[in-house]
Structure formats: C-alpha cells, structure tokens
Amino acid sequence: MRWLHKLRTQLATLRRSRAGTQLDTELRFHLDQQIEENLAAGMNAGEARRAAIHTFGHLGTIQEETRSTWSWTSVEFFLRDLSLGVRSLSRSLGLTCTAILVIGLALGGNIAIFAVVRSVLLKPLPFHDPSRLIVLYEAKQKEQAVNLPIAAGSFWDWQRAAGKSAELALLDPSKKYDLSTKGGELPEKIDAGSASWNFFHVLGVQPVLGRGFSPPDDSLSAPATVIITDSLWRRRFNSDPAVIGSELSLNGRPYAVIGVLPSWFKYEGRMGGGRNQIWLPIQHESAASLMHTYDEHEFVAVGRLAPGVPESALFHQLTAVQRQIKAAHPGPAVRDTVMGHSLLDDAVSDYRTPLLIIFAATGCVLLIACLNVGSLLVARTAARRKELAIRTAVGARRMRLLRERLIESFLLSTGGGLVGVFIASGAVSWLVHTRQDMNRVDGIHIDATVVAFAAGAVVLCALFSGLISVWSINSKSLLAPLQESSRGNSGGHSRSGQRRTLLAAEVGLTVILLVGAGLLLKSYLRLRITDLGISSDNVLTMQFNLPDVRYGEPAQKAEFMEEILRGVRAVPGVEKAGLITTAPGQGWGGDFLISIPEHPPLPAGAGLDVLIRAADPGYFAAAGIPVLRGRTFEAGERLDHADVALISQNAANSFFRDEDPLGKHIRLDYTGKVYRIVGVAGDTRWSVSQPEKPMLYMPIFGNDLRFGTLFVRSSRNVEALSVPIQRVVNAMDRELPVSNVETLHETIGRSTLGSQFNSLLVMAFAVIALVLAAAGLYGVLAYLVTQRTNELGVRIALGARRTQILHLVLVDGLRPAVLGLVAGLAGSAAVAKLIRSLLYGIQPWDATVFLTVATVLLAVAVFACTIPAWRASKLDPLQALRVE
Amino acid sequence: MGKPTDLVQGTLDLLILRTLANEPRHGWAIAKRIQQISNEVLQVQQGSLYPALHRLEQQGWITAKWAENETGRQAKFYRLTSGGRKQLENETANWKRLSSAINLVVEEG
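Line by line, the protein sequences are chains A and B. Residues 103 to 986 (my numbering) make up the first sequence, in order. Residues 429 to 537 (my numbering) make up the second sequence, in order.
Don't take every hint at face value.
Calculated cross-link-like contacts (lysine to aspartate or glutamate; reagent style EDC-like; alpha-carbon spacing at most 20 Å) [as the list claims (entries may be wrong)]:
#1 A:Lys242 to A:Asp711
#2 A:Lys766 to A:Asp806
#3 A:Lys775 to A:Asp806
#4 B:Lys514 to B:Glu451
#5 B:Lys493 to A:Asp126
#6 A:Lys225 to A:Glu489
#7 A:Lys775 to A:Glu677
#8 A:Lys291 to A:Asp711
#9 A:Lys678 to A:Glu821
#10 B:Lys460 to A:Glu138
#11 B:Lys460 to A:Glu139
#12 B:Lys460 to A:Asp806
Hints were generated in silico from the structure; no laboratory data involved.
Using the sequences provided together with the hints, build the complete structure.
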C-alpha cells in the first residue's frame with residue numbers, strides 16, 4: 103500500500119506548498135500596506151519599513167500559526183482511511199481473502215443470473231417497435247385450455263375481421279425439410295418455418311439480399327420460393343450474392359432462393375423457430391384442405407397492433423369472430439376463444455418463473471454472504487472496542503469511526519465484485535453452452551447494463567454489511583469498555599444478541615433455499631425415474647423422411663421401410679428393431695378425432711381424441727410394449743390391407759369401458775378411414791412429464807406414411823451402432839438424410855434438461871448458503887467463547903463440570919439456529935406455493951423434503967457449534983483466568 | 429492611551445465576521461476597520477488575525493478570493509458566507525447577553 107501513502111503525501115504537499123505561497127503573498131501585502139501608511143505619515147523609507155516590521159511581528163511565527171489552522175481535506179481523509187482500511191484488512195489476510203471469495207461467489211452468481219434475466223426476459227426483441235408485436239392462440243373457455251395452436255380457416259376470418267386494428271400473419275414455425283444443394287454435399291435435415299407472405303412485413307424485417315415474399319408467392323400453384331437465413335447463406339453458399347435466383351432442393355423438389363435474411367434475424371416462439379434456417383410461403387407448403395379447415399390446429403399467428411389499439415381489444419374482437427365460427431361449425435375440435443400475449447412473452451414465458459427463482463436464490467445467497475461479512479466486521483469492531491473507546495475519549499468523532507467501518511466493508515465488497523465479475527463471465531459462457539434449448543440464450547452477454555448492475559450490487563453489499571457493523575457502534579456505549587473492569591466481564595450482552603439475530607436470519611434464509619432446492623430436486627428425480635412405459639436402456643432412435651419425389655407411391659414407401667428394417671436387423675449387435683412414427687417420450691406426434699361406428703353418435707360438440715402412431719409388426723416386441731389382448735399386425739396387413747389397428751390400454755379403458763374392443767372399429771373423422779381393432783397394447787407416454795393419452799397404432803407399411811423413426815434395441819453399448827445403421831440407410835439412398843440420432847436416455851435427458859438445470863443450480867446455491875450459515879454459526883460461537891474465556895474459567899474453577907460448560911455453550915449457539923429453522927420452515931411453506939408450477943409429481947408441502955432439510959440443518963448447526971463448545975469445555979481454568 | 433487592550437478570547441472571530449458583514453475586505457483592511465471603528469482602542473495583532481481568518485475559512489464561515497485592490501495589487505479578499513452570517517447573528521446575540529450580564533454585575537455589585 104506504499105503507493106496509496108505516497109499519493110496521499112504528494113497530494114497534501116502539493117496543496118500545502120501552493121497554499122503556503124499564497125499565505126506568503128497575503129502577509130507581504132499586509133506588510134506593504136503598513137509601510138505605505140507609515141510613508142504617508144511622513145516617515146522615510148527605512149523608518150517606515152522598520153516600524154512596519156516591528157508592528158507586524160515575526161513573519162515566520164505568523165505563518166506557522168496560520169498553517170496550524172489548516173486541516174485535512176476530505177480527499178486526504180478518505181485516502182488516509184482507505185490506507186488504514188487496507189492495512190487493517192491485510193493484517194488478517196486469511197479472513198479478508200475468505201470474505202472476498204465469499205462475496206465474489208455470491209456476487210458472481212447474481213451478476214451471471216442478472217445477465218441472463220436481462221438478455222432473455224427484459225431486453226426488447228430486435229424488431230421494429232417490438233412492443234406492438236403479439237402472438238395469437240386459440241383457447242377453450244370451458245376446459246380452461248390456453249395457448250392452443252390455431253386453425254388456418256379461423257385465421258383468415260380473423261385477418262379479415264381485424265382490418266385496420268392489426269396486421270396478422272399465419273405461420274408454422276417448426277417444420278423440417280431435407281436440404282441438398284447441387285454441389286453434391288451431404289444432404290441434411292434442417293429446421294424451417296412456413297409463413298404467410300406478410301410475415302416479414304409484420305415483423306418489420308427486410309431481406310438484406312433479394313426480396314421478401316409477395317402475395318403471388320403464397321399460393322399452392324405458385325413457383326416454389328424460399329428465403330434463407332444468413333447462417334445458411336454463409337455455411338452452404340459461402341456468402342455468395344449470386345445465391346439469389348439459384349436453386350436449392352428441399353425434400354427433393356427445386357426451390358428458387360429469393361432472399362437472404364439479416365444476420366440478427368431470429369424468430370423464437372413457444373412453438374419453436376429459433377433454429378429455422380429457411381422460410382417458405384405457407385400456402386405453397388400446406389395442403390389446400392389444411393388451409394381452410396376450422397378443426398385442424400397446426401399454426402400460430404403473429405400480429406402487429408395498430409398504434410393505440412390495446413391487445414385486449416383485439417382479442418375481444420377476434421373472440422367474437424371465433425364464437426360465430428363455433429356457432430356455424432359446432433364440431434368438437436372447433437374452439438371458442440382467441441387469446442394471446444406479446445411476442446416477447448411468447449419467446450420467454452416458459453423460462454420466466456425458473457429464471458426468477460434462480461435469481462431470487464442467488465439474491466438469498468448474496469444476502470447471507472453480506473450478513474456473514476457484516477457479522478465478521480462486527481466481530482472485528484468488538485475486538486477493537488477498547489481502541490475505539492480510547493479514540494472516542496480523545497476526541498475522534500463518531501462519523502470517523504463509522505466511515506472506517508464503511509470503508510472496510512467497501513474494500514471487501516469491491517474485491518468481491520472483481521472476483522464476482524470473473525466468476526460471472528465464466529458462469530455465463532457455461533450457461534449459454536448448457537442451455538442451447540432456451541430461446542434468446544445466444545444474446546446473453548455481460549454488457550454495460552450488467553456491469554452497472556454489478557457496481558450497484560457491490561455498493562449495496564458494502565452498505566449493507568457495513569451498516570450492520572456500524573449499527574453495532576452505539577455512541578452511548580462507545581465509552582463503556584473503559585468503564586468496565588478488564589476482568590470477569592463478558593463482552594457486552596446486547597452486541598452478541600444482535601449477532602444472534604443476524605444468525606437466525608441467515609439460518610432462516612438457508613432453510614428456505616434448501617427447501618426450494620429440495621422440492622425442485624425431488625421433482626427432477628421423479629421426472630428421471632418416470633416410466634415411459636418401456637425400458638429406456640440401450641435404445642437408439644433415428645428419424646428419416648421419404649421425399650414424395652422419389653417415393654411417390656405408397657408401395658415404394660412401404661418397400662423402402664421394409665428393406666431398411668431388414669438391413670438394420672442384420673447389423674451385428676442389433677437385438678431388435680422396429681419402425682414407429684414417433685417413439686415414446688419424443689413428442690406429441692399428432693392426434694385425430696375419432697368415432698366408433700358401433701357406438702351411438704356422440705352429442706354435437708363432443709369428440710374422442712387419440713394420439714396417432716404407425717408401427718411395423720415388430721415394433722411392439724422391439725420397444726417392449728406388451729400386447730395385452732389380441733395380436734400385433736400381421737405380415738399381410740400392409741398397403742390396401744392396412745386397415746387394422748392396435749389401441750393402448752388407456753384408449754381401451756376410455757372408449758370401451760365395459761366391452762371388448764377387439765373386433766370393434768374406429769373411424770378417423772378427418773380422413774374418414776375405418777380401422778378394425780385387432781389388439782390392445784400397453785400404455786406409453788408421449789412426454790416424460792405428461793400423463794398417458796389414448797393412443798392408436800396403425801400399420802406403417804401402408805397408409806401412405808413417409809415419416810419414420812427407427813427404434814433399435816441392443817443389449818449393450820447401443821451408441822456404437824449409430825454409424826453402422828446410418829451406413830445401411832445411406833447404402834439404400836445416398837440422398838436421404840438421417841436426423842435426430844439419439845438414445846432414449848438422451849431424449850429423456852433433453853426433455854428434463856430444464857428441470858435438471860433449475861434443481862441443480864438452486865441446490866448448488868442452497869449448499870453454498872448452508873456452508874455460509876454453518877461458517878457464520880461457528881464464527882459467532884467461537885468468538886463468543888473467546889469473549890467469555892474469563893467467565894468460563896471462573897465457572898470451571900468454581901467447580902462447573904465440563905458437560906455443563908459444553909451444554910451451556912452449545913445451547914447458546916443452537917438457540918438462534920433453531921429460531922432460524924422455525925422461521926425458515928414457515929417461510930418455505932409460502933415459497934413452495936410460488937414454485938408450484940415447476941414441481942412434478944410432488945406436493946409443495948412435501949413432508950420428506952421439509953423433514954430432511956430440518957434434519958440436515960440441525961445436524962450441520964450442531965456440528966458447527968460443537969467445535970467451539972468442545973474447546974470451551976476443555977479450557978484450563980488457570981490459563982483462562984490469566985487471559986486478558 | 430496606554431497599552432492597546434488585548435481582545436477578549438473568542439471575540440476576534442465576532443469582530444472579523446461583523447467587519448465582513450457589509451463588504452468583502454482583505455486582512456489589512458479588516459484590521460484597520462476594527463481599529464478605526466473602535467477609536468483605536470482595539471488593536472488587532474497580525475499574529476492572531478491571520479490564524480483566525482484561516483480558521484474561519486476552514487470552518488466555512490468566510491470564503492476568500494484573490495482580487496485587485498484599489499491600487500491594482502493582488503490581495504486576498506474575505507467574504508461572509510451564509511453560514512457565516514448565521515454564525516455572526518448567534519455570536520452577536522451571545523455577546524449582547526454576556527456584556528449586559530457583565531454590566532449588571534459591574535454596576536449593581
């Protein structure tokens with residue numbers, strides 16, 4: 103700290119030498135005035151001068167006396183206190199480093215999560231005037247089902263009705279296409295979006311190259327056009343401007359590239375879109391029937407509100423339109439309500455609660471860290487009570503003493519802040535890497551706002567922990583230590599009472615964190631052990647999509663699929679293999695309304711809904727789904743004979759309560775096709791976190807299906823089969839990309855990633871809090887024991903038993919812990935309700951979690967208190983009495 | 429006239445503030461003014477004047493500015509601050525109370 107001292111001295115010297123010269127001038131002026139007066143009075147020059155000097159007195163003495171009135175300036179004071187603080191902190195280097203590290207860790211967590219909250223939840227979308235952008239959904243009022251996808255038929259009616267109050271665009275943001283270019287590069291499956299021609303106009307986006315869609319592009323009969331993203335343009339076209347007008351092949355068909363989007367463009371919504379690399383006109387890409395039905399819900403709408411139109415007014419207006427549609431088409435699938443929210447909400451509403459919870463958790467940890475550091479400073483203050491008292495007695499002002507405490511805590515917090523920014527930048531890059539599934543995750547950076555937040559947090563932290571210790575400098579009791587006799591008086595009782603309150607607060611916060619983390623973790627573990635309905639060990643899945651261009655005939659598709667299965671089953675290591683449209687846990691996979699011809703027709707507006715799957719005869723054996731009744735498909739049930747179906751147990755129970763489903767029929771309302779039920783299979787889940795739904799399986803070799811998931815089971819090390827199997831597919835069709843190659847474990851991991859992330863992160867913060875609270879307990883108690891060494895020595899000397907001393911100290915330490923525990927459990931009950939939406943399969947007031955937390959906390963508290971208590975009971979009374 | 433009367437401890441501050449109440453002055457002028465008004469009874473020693481001025485400046489009751497005097501020389505002019513004005517009022521009131529009390533004792537006792 104030499105430089106600090108030097109700076110201070112130099113500053114003072116500089117100021118003083120200038121002031122010194124000025125004083126000199128001032129005094130000389132006075133002298134000269136006196137001489138002039140003497141001259142005017144008629145003295146000659148020599149006399150006048152002598153007389154003036156005589157009356158004036160000794161110049162040096164006056165200068166000296168004047169100088170002594172100069173005091174220190176506030177800058178000099180500050181610098182002096184700063185170097186005092188640095189010196190006093192560096193005297194206990196270990197403690198200082200620990201404090202800085204603790205604050206750094208807590209601040210780092212806060213800064214990192216704030217960076218995420220700001221970039222993901224708060225930052226406006228990059229579009230023009232983003233506050234007017236909204237997303238529209240359908241809803242079912244009676245069933246309180248919200249944010250449902252919309253039907254294109256309804257959309258056109260809405261668009262007409264909205265008129266001038268909003269411009270609406272229709273889109274399907276989550277499509278997939280097989281892309282190949284003329285260069286003979288490997289084919290790949292890419293994410294794509296299709297949208298009505300005005301989509302980019304609604305968002306206010308202009309392509310940087312070429313043009314946007316125009317109304318003529320957006321029809322089934324128009325020439326095929328595509329707009330590509332900047333990343334695809336760079337990756338596959340080498341940023342060549344000549345790409346405009348060139349062709350690329352999607353699903354085997356040629357498309358003309360008409361535009362390239364700006365590099366910042368990204369549409370991210372609840373239904374996906376963040377990974378889209380191409381955009382296509384929606385009417386060109388969808389069947390005409392799908393574009394004009396009211397009961398097939400595949401789409402979402404975005405809109406730009408006209409200035410001054412509130413979104414609620416638009417939703418109200420469109421709901422009226424939808425009610426009319428419902429009146430005209432009372433089918434069960436037609437919905438009655440229009441709802442929506444802002445485009446930003448659409449992108450991030452799913453992450454809001456978890457992020458805010460994690461942010462709150464980091465806030466709690468920071469609070470605990472501040473309490474700990476504050477408590478540390480209190481201990482230091484207390485240890486210096488005599489010094490402070492003497493300084494007060496000789497005239498140090500209270501402000502001075504306060505300022506020293508604040509400067510100390512400021513130094514600690516600033517050090518912590520620097521460490522924190524480092525930790526935060528590491529944490530942010532880890533987070534961006536881990537949560538690629540999260541919308542807007544790529545925009546997370548530590549920018550100026552985040553740095554400002556960090557600075558603010560440092561100041562708050564310094565003030566908070568400083569004020570805690572300042573609070574303990576009570577001006578009335580400042581002199582008390584001088585009045586206390588040095589012996590036999592245990593440290594001021596009120597002060598330790600204050601520290602116990604701090605401890606109780608710390609323990610309370612820790613309990614809340616632990617309970618929250620425990621609930622989240624238990625939910626996550628529940629999710630992980632959830633049974634999809636099949637064993638997920640050693641299962642590999644991969645998807646393919648047969649392009650209509652080369653596989654136009656149903657027979658071509660069926661034959662190709664059969665051939666693939668034969669090839670895959672022949673790969674060494676493959677135990678069983680099957681084909682299914684959507685494997686368990688891998689998504690909704692589509693649903694249809696059905697009716698049962700054997701049953702009386704349902705009342706208007708009611709309907710039966712099943713998830714649709716298509717499978718090959720061997721799939722059930724490969725997946726391990728038991729065929730509970732009847733049989734699986736037969737080899738001959740393909741193409742024209744593929745009108746048989748298996749239903750899931752759940753479907754059998756819901757649709758055929760007291761009858762035998764075998765031999766009954768199911769009609770798909772949309773296509774009108776009728777299937778005869780030949781078997782009942784076990785239930786599987788479409789998503790880990792969702793309950794089973796009724797499911798219908800039809801033969802995949804037939805029904806003109808072109809989409810398939812290869813389901814491969816092995817006895818061990820199934821990942822190794824990925825390459826040989828892809829080679830089989832590639833040998834059959836070099837142009838056919840295989841996508842989403844993953845094990846079922848990976849599928850489950852992916853769908854539980856959010857839960858895992860939330861629970862582990864909150865748990866990590868909770869553990870930090872626990873360690874801090876334990877350290878706080880230990881520190882305070884150890885300090886109190888030192889303070890009471892004398893008293894304890896007397897007690898032992900007078901015959902107190904060791905166990906009594908142990909008991910005395912232990913109870914002293916455990917009281918605030920138990921108090922905090924009770925308060926914390928009460929607080930947790932309230933907090934648990936807040937995080938209810940993140941819980942899966944457990945109640946917010948889960949007794950196991952609450953009990954475990956209470957036990958763990960008590961155990962840790964007892965452990966932290968035992969060491970000082972033990973030490974106290976081992977005191978040598980002779981030495982203890984000698985301690986001064 | 430005998431030896432010039434020494435100023436009562438603490439009254440110099442009051443005199444300086446009073447002298448500056450109407451206009452800013454430099455040190456010499458302050459001393460002269462006190463001398464004149466008191467009919468040469470009060471002689472301000474330079475050895476007390478300048479430390480007092482600098483102390484008052486530190487306390488924020490007066491501020492100083494370098495400016496030219498009537499003959500064009502640079503001199504340090506002191507001026508009363510608003511805090512100084514308040515201080516002057518307090519000290520004046522104190523002085524009046526004190527002096528009338530002393531008068532009472534001297535005359536009645």
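(Q) Flag every earlier hint the structure violates by its number, smallest first. (A) 2, 6, 7, 8, 12
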